[in-house]
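Take the sequences, apply the hints, and build the full model.
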Amino acid sequence: MSYEINNQQDGVIFDKSHRGRSNPCQAPYAVEMSGTIPATLLRKVPPILPEVSEMQTVRHFTRLSQKNFSIDTHFYPLGSCTMKYNPRACNTLAMLPGFLGYHPLAPVETGQGFMACMYELQEILKEVTGMKEVSLTPMAGAQGEFAGMAMIRAYHDARGDTARCEVICPDAAHGTNPATAVMCGYKVKEIPTKADGDIDIDALKAAIGPQTAGIMLTNPSTVGVFERRITEIAKIVHDAGGLLYYDGANLNAILGKVRPGNMGFDVIHMNLHKTFSTPHGGGGPGAGPVGVSERLIPFLPVPMVGYDGEQYRWLTKKDRPQSIGRLSAFAGNAGVLMRAYIYARLLGREGMPRVAEYSTLNANYIMAELQKKGFDLAFPSRRATHEFIVTLKRQAKTLDVSAMDFAKRLLDYGYHAPTTYFPLLVPECFLIEPTETEDKSTLDGFIDAMGKIKHEAETQAEMVKAAPYTLPLRRLDDVRAARELDIVWRPREQAE
Amino acid sequence: MPFIPHTENDVQQMLASIGVSDIETLFDEIPAELRIRSLDKVPAGLNEMEMSRLMRARASGPQPLCFIGAGAYEHHIPAAIWEIVTRGEFYSAYTPYQAEASQGTLQLIYEYQSMMAHLTGMEASNASLYDGASGLAEAVLMAVRANRQSKSKRILMPATVNPNYCSVAQTIVENQGITLELLDYEVETGCIDVASLPSDPGDVAALVIPQPNFFGVLEDVNALTDWAHTHGMLVIASVNPTSLALLTPPGEWGEHGADIVCGEGQPLGVPLAGGGPYFGFMCCNLKHVRQMPGRIVGRTVDVDGKDGFTLTLQAREQHIRRSKATSNICTNQGLVVTAATIYMTLLGAQGLQRVASVSHHNTQTLCEQLSAIEGVSPVFTSPTFHEFVIKFDGVKAADVLTALTAKGVLGGFNLSDDYPALGEAILVCATETKTAEDLALYCDALAAVMGELKGGAA
Numbered sequence: 000m001s002y003e004i005n006n007q008q009d010g011v012i013f014d015k016s017h018r019g020r021s022n023p024c025q026a027p028y029a030v031e032m033s034g035t036i037p038a039t040l041l042r043k044v045p046p047i048l049p050e051v052s053e054m055q056t057v058r059h060f061t062r063l064s065q066k067n068f069s070i071d072t073h074f075y076p077l078g079s080c081t082m083k084y085n086p087r088a089c090n091t092l093a094m095l096p097g098f099l100g101y102h103p104l105a106p107v108e109t110g111q112g113f114m115a116c117m118y119e120l121q122e123i124l125k126e127v128t129g130m131k132e133v134s135l136t137p138m139a140g141a142q143g144e145f146a147g148m149a150m151i152r153a154y155h156d157a158r159g160d161t162a163r164c165e166v167i168c169p170d171a172a173h174g175t176n177p178a179t180a181v182m183c184g185y186k187v188k189e190i191p192t193k194a195d196g197d198i199d200i201d202a203l204k205a206a207i208g209p210q211t212a213g214i215m216l217t218n219p220s221t222v223g224v225f226e227r228r229i230t231e232i233a234k235i236v237h238d239a240g241g242l243l244y245y246d247g248a249n250l251n252a253i254l255g256k257v258r259p260g261n262m263g264f265d266v267i268h269m270n271l272h273k274t275f276s277t278p279h280g281g282g283g284p285g286a287g288p289v290g291v292s293e294r295l296i297p298f299l300p301v302p303m304v305g306y307d308g309e310q311y312r313w314l315t316k317k318d319r320p321q322s323i324g325r326l327s328a329f330a331g332n333a334g335v336l337m338r339a340y341i342y343a344r345l346l347g348r349e350g351m352p353r354v355a356e357y358s359t360l361n362a363n364y365i366m367a368e369l370q371k372k373g374f375d376l377a378f379p380s381r382r383a384t385h386e387f388i389v390t391l392k393r394q395a396k397t398l399d400v401s402a403m404d405f406a407k408r409l410l411d412y413g414y415h416a417p418t419t420y421f422p423l424l425v426p427e428c429f430l431i432e433p434t435e436t437e438d439k440s441t442l443d444g445f446i447d448a449m450g451k452i453k454h455e456a457e458t459q460a461e462m463v464k465a466a467p468y469t470l471p472l473r474r475l476d477d478v479r480a481a482r483e484l485d486i487v488w489r490p491r492e493q494a495e
Numbered sequence: 000m001p002f003i004p005h006t007e008n009d010v011q012q013m014l015a016s017i018g019v020s021d022i023e024t025l026f027d028e029i030p031a032e033l034r035i036r037s038l039d040k041v042p043a044g045l046n047e048m049e050m051s052r053l054m055r056a057r058a059s060g061p062q063p064l065c066f067i068g069a070g071a072y073e074h075h076i077p078a079a080i081w082e083i084v085t086r087g088e089f090y091s092a093y094t095p096y097q098a099e100a101s102q103g104t105l106q107l108i109y110e111y112q113s114m115m116a117h118l119t120g121m122e123a124s125n126a127s128l129y130d131g132a133s134g135l136a137e138a139v140l141m142a143v144r145a146n147r148q149s150k151s152k153r154i155l156m157p158a159t160v161n162p163n164y165c166s167v168a169q170t171i172v173e174n175q176g177i178t179l180e181l182l183d184y185e186v187e188t189g190c191i192d193v194a195s196l197p198s199d200p201g202d203v204a205a206l207v208i209p210q211p212n213f214f215g216v217l218e219d220v221n222a223l224t225d226w227a228h229t230h231g232m233l234v235i236a237s238v239n240p241t242s243l244a245l246l247t248p249p250g251e252w253g254e255h256g257a258d259i260v261c262g263e264g265q266p267l268g269v270p271l272a273g274g275g276p277y278f279g280f281m282c283c284n285l286k287h288v289r290q291m292p293g294r295i296v297g298r299t300v301d302v303d304g305k306d307g308f309t310l311t312l313q314a315r316e317q318h319i320r321r322s323k324a325t326s327n328i329c330t331n332q333g334l335v336v337t338a339a340t341i342y343m344t345l346l347g348a349q350g351l352q353r354v355a356s357v358s359h360h361n362t363q364t365l366c367e368q369l370s371a372i373e374g375v376s377p378v379f380t381s382p383t384f385h386e387f388v389i390k391f392d393g394v395k396a397a398d399v400l401t402a403l404t405a406k407g408v409l410g411g412f413n414l415s416d417d418y419p420a421l422g423e424a425i426l427v428c429a430t431e432t433k434t435a436e437d438l439a440l441y442c443d444a445l446a447a448v449m450g451e452l453k454g455g456a457a
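Listed in order, the protein sequences are those of chains P and R. Numbering that gives the first Met the number 0 applies: residue 0 is where the first sequence begins, and numbers increase by one. Numbering that gives the first Met the number 0 applies: residue 0 is where the second sequence begins, and numbers increase by one.
Please note that a few of the clues may not be correct.
Looking from chain P toward chain R, a few residues come up when the C-beta cut is under 8 Å (computed) [what the hints assert, rightly or not]:
1) 46
2) 85
3) 138
4) 257
Which bits of chain P does chain R cover? Going by a derived footprint, with three or more residues having C-beta under 8 Å, they are [stated by the list, open to error]:
5) 144 to 155
6) 225 to 239
7) 278 to 284
8) 332 to 345
9) 407 to 421
10) 432 to 440
Derived from the structure by calculation, the hints contain no laboratory data. Being a predicted model, the structure only gives us computed values, none of them experimental. C-beta: ideal position from N, C-alpha, C; glycine also.
See the structure below:
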């Protein structure tokens with residue numbers, strides 16, 4: 000972000016609009032309307048869209064892009080989000096014209112190369128997770144979660160086991176977990192996390208029963224530690240007739256080291272935009288494939304890719320009559336899946352465990368160094384996985400400088416803030432995930448900045464509390480945003 | 000090591016700082032019996048050159064002339080769009096939770112919301128949903144929440160809605176006790192016959208109105224909207240965004256306009272790409288905005304009074320409300336929306352209107368030309384936008400399409416599985432990308448195929 004970008008006030012694209020300006024080169028030639036559409040169905044006034052030149056367009060959006068932090072420009076230690084480098088080859092090769100031009104309903108014989116990539120990705124993800132079968136169709140993590148819980152429900156229903164109405168979630172769970180359970184018609188029962196970061200097994204035993212449909216877990220958990228008694232938990236849940244759901248948010252930490260399938264999970268979703276390095280794109284698109292154990296195979300969402308040794312084809316509800324059904328108009332976020340496939344092939348079997356190893360090394364290194372600088376760890380007795388939590392409770396209490404203040408000040412130092420205030424059970428928390436693609440000097444720069452901000456908090460708290468100072472804007476008025484709702488630009492005569 | 004920058008020296012220094020002798024020790028909290036040794040079934044790694052060769056081979060092959068629509072449309076995509084979209088600052092940015100570090104993405108979403116609201120004639124838009132089908136499912140859930148007059152969980156779903164959209168909606172809403180009741184269409188016209196709708200439909204939360212419908216046919220949206228409102232239903236419009244440059248925006252349907260507008264955003268600058276990523280758009284009026292799922296960006300000011308943008312109304316969302324959220328949705332399709340925003344900016348109202356009218360014109364021309372072939376006839380009498388249905392006498396639609404593919408033409412989408420009552424029918428689309436020569440090529444190919452198949456049958 001240059002000084003000039005920081006200080007400009009560009010206005011929105013509509014402010015640059017001039018009546019009559021257009022880009023005829025990008026539009027087709029005009030034709031006469033034939034008059035077959037009745038007048039009552041025709042639009043009377045054209046929509047208000049910008050009237051700008053191609054160059055104005057390119058300049059406006061290029062300048063907007065320069066007002067973003069991104070992985071390509073900044074270190075992004077955002078816990079639970081796995082902001083690692085998105086290899087350029089994944090984008091270039093996924094955007095080959097043969098893939099971009101492929102209509103999702105075209106005959107499969109005209110898209111065998113595309114289908115082969117999808118099929119092989121299914122196979123790779125099976126091996127990586129230790130699950131028996133994989134469907135690629137969910138379009139994001141939350142949709143993968145939905146598919147997983149819907150399969151658990153379909154499984155119980157198919158057995159006539161319809162009294163199971165509750166899903167257990169740890170209090171540290173990602174917000175999508177309870178929201179998903181409710182979307183699948185379940186009530187949510189929360190269980191606490193112990194001081195060492197593991198699940199409270201006594202609380203689990205007390206919560207579980209014939210009403211339990213399943214449990215939703217993340218392992219490593221959202222507090223950044225590996226759930227050590229997972230095998231015992233799996234046995235407790237299975238003995239009660241429930242199933243185990245694995246939220247794959249933290250798969251990066253264990254890639255090639257340990258697999259959800261071996262831990263006893265029945266269904267998992269993966270966030271390919273995390274572990275398989277597809278772009279976050281400013282908030283999507285993601286991809287959330289699901290993998291299942293033997294007993295859930297019939298219920299997987301369609302379509303999937305089948306292969307008979309000669310031809311790849313789509314498997315639909317005809318092939319899988321018990322499937323929970325479709326989740327997308329076609330076959331999910333194919334272009335995202337393609338990028339994940341390319342990434343997986345570039346890593347290969349030997350590259351995958353290295354992802355877990357170096358992301359874990361980086362996290363433990365930052366954790367050790369921050370502890371030496373006097374920061375408090377939320378779970379000091381534990382190893383970091385690929386992420387860990389610092390709690391700024393002491394600073395908030397004694398200096399009145401909050402985790403959010405630290406986060407905003409970090410932006411001034413050129414680092415994207417770690418995840419703040421999640422998980423909710425650790426007060427004033429920073430969830431820090433460096434990923435394996437960052438080098439030591441970058442980590443050292445971040446550690447140094449954290450130390451400096453801590454010193455600033457101790458000596459000039461008011462300055463820290465008003466950060467940031469060097470970005471295009473300072474802190475925004477969120478209350479006003481919600482109270483005086485301005486979510487659509489209108490021309491002046493309409494707005495007033 | 001691919002994508003890992005550590006030198007041996009770095010590793011040793013880091014291990015020393017942590018106080019362990021090797022990286023393996025960092026995994027000592029994982030029970031030994033759970034550890035795996037290798038991922039044998041994953042192929043060995045390739046370098047970029049090898050991978051490039053593999054992918055180029057897989058992306059090669061003939062590129063047939065495509066006349067399939069059925070929910071995904073081939074339009075010209077101006078070169079500037081994906082040049083900008085794939086800039087690292089958009090491509091590799093995260094969800095804009097830290098507003099000060101994400102003004103680019105946030106302002107872009109605000110501009111996107113503005114364009115979608117103006118296109119649909121509504122007051123509000125969210126930052127997008129996954130795709131058109133799941134967007135319709137979310138609209139159904141929203142309608143049940145938002146219709147305060149109705150206690151019903153019944154939704155009227157015309158059989159002229161894209162069948163894949165109906166399946167997705169069914170998958171997503173069925174666990175919440177919501178029922179989708181199919182509303183039949185009239186066989187002559189290919190759309191819902193307003194006169195045949197019941198005078199007392201009972202308590203229903205919402206009516207879905209597709210425009211154009213799956214057959215490409217234009218529904219009588221004004222009468223349908225008024226009928227639904229008369230009976231206390233909300234109206235969910237499922238629309239094609241390109242068509243809105245020509246057709247009445249849902250906000251102006253009937254007396255009071257539609258209540259929720261959703262649809263597939265792919266036609267706005269997004270490549271076919273085997274089915275995704277696309278994006279679903281959703282718009283509504285301000286009185287329902289707190290029931291809308293997904294992210295919303297608002298304009299505000301910073302402490303110095305400078306204009307800026309931030310995520311707003313977050314109290315609806317899962318990361319705040321958890322089990323009481325309006326939806327479990329966490330992402331939007333940010334990067335794809337970036338493409339659509341640049342597309343609408345480059346084309347403007349006039350360019351979009353040309354895309355729509357040329358597509359409409361090509362479709363009409365092609366329908367007339369194909370219908371002149373012996374054994375080929377149009378199925379419906381109503382006006383269409385940029386798709387139409389034709390049927391074949393005495394030959395299977397599947398056989399016709401297979402034979403056309405062999406001649407380098409993807410002739411359309413086979414309707415005989417989803418709509419057996421139509422006979423051997425296909426759905427055909429011709430967008431602005433098709434030239435007069437392309438249309439002629441299709442006609443010649445179909446004439447030849449009909450001759451061959453009929454000849455073979457005789």
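Quick rundown of the hints versus the structure:
The beta carbon of residue 46 (chain P) is positioned within 8 Å of a beta carbon in chain R (closest approach about 5 Å), and the interface hint is therefore held. Interface restraint check: residue 85 (chain P) against chain R, minimum CB-CB distance 5 Å, threshold 8 Å, status holds. Interface hint at residue 138 (chain P): satisfied, since its Cβ lies 4 Å from the closest Cβ of chain R, which is below the 8 Å cut-off. For residue 257 (chain P), the suggested interface contact is upheld, since its CB lies about 5 Å from the closest CB of chain R, less than 8 Å.
Counting residues of the stretch 144 to 155 of chain P whose C-beta sits closer than 8 Å to any C-beta of chain R gives 4, which meets the bar of three, so the coverage hint holds. Using a Cβ-Cβ cut-off of 8 Å, 4 residues of the stretch 225 to 239 of chain P lie near chain R, which meets the minimum of three, so the contact claim holds. By the rule of at least three residues with a Cβ nearer than 8 Å to a Cβ of chain R, the coverage given for the stretch 278 to 284 of chain P holds, with 7 such residues. As drawn, the stretch 332 to 345 of chain P meets chain R at 9 residues by the rule of a beta-carbon pair under 8 Å; at three or more, the given contact holds.
With 5 residues having a Cβ less than 8 Å from any Cβ of chain R, the stretch 407 to 421 of chain P passes the three-residue criterion, so the hint holds. Restraint check on the stretch 432 to 440 of chain P versus chain R: 5 residues with Cβ-Cβ distances below 8 Å, three needed, restraint holds.
Comparing the model with each numbered hint stated earlier shows that all of them hold.
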